[in-house]
Amino acid sequence: MAEWAVHGRRQVYGSPWVELWLDDVDIPGVGRVDHHVLRMPKECANAVVTDGDGRFLLLYRHRFITGRWGWELPAGWVEPGEGPAAAAAREIEEETGWRPAEVVPLTEFDAMAGISTMRFHSFHATGATRIGEPADLAEASRVEWLTEGEVVELLGAGEVADGASLAALSYFLGPHRLAVRGGGGAR
1 MAEWAVHGRR QVYGSPWVEL WLDDVDIPGV GRVDHHVLRM PKECANAVVT
51 DGDGRFLLLY RHRFITGRWG WELPAGWVEP GEGPAAAAAR EIEEETGWRP
101 AEVVPLTEFD AMAGISTMRF HSFHATGATR IGEPADLAEA SRVEWLTEGE
151 VVELLGAGEV ADGASLAALS YFLGPHRLAV RGGGGAR
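UniProt numbering numbers the first residue of the sequence shown as 1 and each following residue consecutively.
It is worth saying that the hints were derived from the structure and are not from the lab. A hint or two may mislead.
Taking CB as the label site, the calculated pair distances span [said to hold, decoys possible]:
hint, residue 1, residue 2, range
1, Gly156, Gly132, 32 to 40 Å
2, Leu20, Glu133, 17 to 25 Å
3, Glu153, Trp4, 38 to 46 Å
Each residue gets a CB set at the ideal place from its N, CA and C atoms; glycine is no exception.
Please take these sequences and the hints and turn them into a complete structure.
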């Protein structure tokens, strides 16, 4: 299958957080169509935070867009001039009140590749030290350390509905864990 050809684009809406564009594309075998594209001016970072006892640090919060409560990982925008790992560490501290000692790459993914440029950098953070209350109190109603069994139950019950959190936790508990146990290294 050939690549789609872009003949032009025009911005429909723009803000510092999201842009909506209408791209004039030629789809092989279909022809030219207008395709909506959500462009994100900033990349995103999130982190699976674990402690030495096999627990995971998660946030419980309400998302007004979906009208759902659920468990999520600390996450946020990568600011200009900031690296993704630094952004993940900053978000952990701001949203949870815990400061990680080490933040290492876990995986990267395009959150909605068919319609958006939203790019996530996921990390594994360890050695977190409690420094106080979360700086951003609007991020969560609860911040808790949960056991691996509790996290697996939440995943299975659909209580981790945030796509980026679901992807990073599933990757950590699956391919990452297998690579580490198998001696093949982890990314």
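Results of checking the hints against the structure:
no., hint, in the structure
1, Gly156 <-> Gly132: 32 to 40 Å, "holds, 33 Å"
2, Leu20 <-> Glu133: 17 to 25 Å, "violated, 36 Å"
3, Glu153 <-> Trp4: 38 to 46 Å, "holds, 41 Å"
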